[in-house]
Amino acid sequence: MKNARIWFEKRDECKYISHLDLNRVMMRAIQKSKLPVWYTEGFNIHPYITFALPLSLGFVGVREPMDCRIEDDNFDFMTIPELLNPCLPNGIKVISANEPKYKAGDISSAEYKISLVSNYISNEELYSSFTELLKKDEILIEKKTKKGVKTVNLKEQILSFDISNSDKICLTLVLPCGSTNNVNPNLLIKAYENAMQNEVFAEIIRTDIFVEGGSRFE
Amino acid sequence: MIRKDVEKILLKVQKPGRYVGGELNAVVKDKQSVDVRFAFCFPDTYEIGMSHLGMKILYSLFNSYPYVWCERVFAPWLDMEEQMEKNNIPLYALESGDELSEFDFIGFTLQYELSYTNVLHMLKMSDIPLLSKDRKDLFNIVVAGGPCCCNPEPLADFVDVFFLGDGEEVDMEVIDLYRECKKNGDSKEEFLKKASKIEGVYVPSLYDVSYNDDGTVKEIKPIGDAPKKISKRVIMDMDNSYYPKDFVVSNVEIVFDRAVGEIFRGCIRGCRFCQAGFLYRPVREKSVDCINEQCHTLCKNTGYDEVSLNSLSSSDYSQIVPLLEKMSKWANEENVSLSLPSLRVDGFSDDILNKIKTVRKSGLTFAPEAGTQRLRDVINKNVYEDELLSTCKVAFEGGYSAVKLYFMIGLPTETYDDVKGIADLGKSVVDTYYSCDNRQKGKSVRVTLSASSFVPKPFTPFQWEAQDTREELEKKQRHIKESLASKKLVYNYHDADTSFLEAVFARGDRKLCKVLLKAAEYGMHFDSWSDCFSLEKWLKVFEECGVAPEFYANRKRDFAEVLPWDHLDYSISKEFLVNECKKAYENKTTENCREKCANCGANKYGGGVCFEKRKNMV
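Protein chains in written order, with this note's numbering: chain L, 1 to 218; chain P, 1 to 618.
If you're looking for bench data, these hints aren't it; they were derived computationally from the structure. Treat the hints with care, as some may be off.
One-sided and incomplete, this derived list gives chain L residues near chain P with beta-carbon spacing under 10 Å [unchecked claim]:
1. 13
2. 16
3. 18
4. 29
5. 30
6. 33
7. 47
8. 88
9. 101
10. 105
Built from N, CA and C at the ideal position, the CB exists for glycine as well.
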């Protein structure tokens, strides 16, 4: 038995399914593909799969990890995409698989690319007002946690950012994530909307995941 | 395909995965290369519609023809609907994203009366004229099938064509006729006239209905040479009838998220309240090999790890144990679990229990329907208290600790003793649990008593009965509550108000069309959801239309009265139904189809259970 980390994209139609639904979609795909994944041996037998870092509903993910165990030690990881892809719906595509280098708990940050559109103001205005917000020392937003609502300063949480205005506004953000501290990029969008009192349409893509020290999660 | 305008609103609604399509096995064709586009509409939410077997069969069947493209349409939930309205987005089909008004056929499946307003609402959401007569071209043909078509009169002004009975053959015949008429440049009228000649097709606009002074139907007269009686279509050879090799597998969780095998159509029992038990006669079984093969293929093509064996009463399948044996061979190997819904109290054996022993041993459901033997005899349920208790004993000893029992209140001839019998029966089940030596130790039992209200339905022996008034039903509901004698009993009941509305539309006539039209004007819909249903609003609509709903729900009809569905023939003779009704009054039961033919009329198809060899025959 060996561990496998399967990398996949989640976009288009599948951008709109929840993490729980994704879990079911993947289990069915594995069942249909007959990939020799280890099944749990409890009362409710199912393929044993875990996701290192769940993706919010509505986000595109281009390099999402799913972990499982392959029963056959000699199994060729290269065949996993061709086995699983015909069993998956539009919007989920398996890219590659490898033996995990890091543990899920090592994850500490993720990179997001966000394109912004507004129905109310021009790209120029959107660009300058968003840049203005990012320059501030304090970006306060109320965050709902299990313990209740608390106010956090997003500015302290942003590990790096970049904003550009070519034909559309594109924001690149690196934010902490993982089991200890998780910051959803939507909070920043909401902070902007609160500050400007108008709505923006944000398309958020999670582009990469990193471990402590900045290496790529592999 | 996701429409650009829809993408903007998807993150503002709950479970947006319901509105985007793109599921595994969804069929996408090039619209330029097909002759007929069919929008298959389920007038309820995605999770419910996607669970419906009939839709899966017909979707795959239609799409198996290269010149037809069938797509799915569901009613968007309230939050989505609000967003669509705000952003001027019409109701669209999931595969292409095209709006309903671009389709040749707009087909609805009528599974329950309370979805009628959704039918109209869905048409409205795509700006399609509601009244059949306002859609003048041979295009946007509104058709409907399903059990409610046995009395489609309340929808007669809106729907162009109703399909009676099994849809597999008749639907395709009508699609082919349309294709031909389109090529010939025929008018809609010509198409409808030709369609009315096809067995199983009812074109309501080709019939005139006149009424007596007391509001009852006087006569239903065909116009021109439309057939006097319209017969349902029946598929007799179930093994060779079309069955899908795959299902569209939803990405979001749906109500019945599993593969489904159909094991037979019809029911041998003839419970007198049950419309399905008469509409789908005669019983036609599939062979073990056929079911086994179909289920296995479905599991392979969908990735589902559960397959459910569906029918009206699965334990009545003549080969149930051999079937389960055969299926468990591959099911165990492939980690697939088998489930068997619709089990009868008397059909529950250790043998079956062991095969369907899946994981979640949470609960079992049985439907004794009535609390006393006398009333169970009246409704011809043919289930005895000791059978129920011994079945429960088997279940408890097999590790179950929760049982759900379904009952109806308001049944014909019911007394308050019968009503109290429901609570008493529940108590006996609780006592049975504590008398089991092998029960799961340290676990308490839970017996849920669920009471719905009886709704008299067409083509049943009770089609002439008056429904209890809402006040009476509520009184009976309270009576059960007061009679509960154990804390292990959980009691819940169905809202009597919705049952009342259901009763009105189930046996309604064409005078209800204007009521539905008015309701649609007021934007009423999702009546089967408590979020939306308001009897108060409905009563107002009835009053404005000058229609008394009690006339339909609470009036006892005479056997001689012309019923609004008398021109429709479901192979069940009226004489038989009258006879069954009279037997009910005498507390007399009728043997099931396997024991003795009751002469209902369904043997005219020359097959099925009617021609099975009976065990007591040499």
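For each hint, the structure was consulted:
1. 13: holds, 3 Å
2. 16: The hint holds - residue 16 of chain L has a Cβ within 10 Å of chain P, the shortest such distance being about 4 Å.
3. 18: Where the cut-off is 10 Å and the nearest Cβ of chain P is about 7 Å from residue 18 of chain L, the hint holds.
4. 29: Status holds, d = 6 Å.
5. 30: Status holds, d = 8 Å.
6. 33: Residue 33 of chain L check passes; min Cβ-Cβ to chain P is 8 Å, inside 10 Å.
7. 47: Nearest chain P Cβ about 9 Å off; hint holds.
8. 88: Holds: closest Cβ of chain P sits about 7 Å from residue 88 of chain L, inside 10 Å.
9. 101: violated, 29 Å
10. 105: Result: violated, 29 Å to nearest chain P Cβ.
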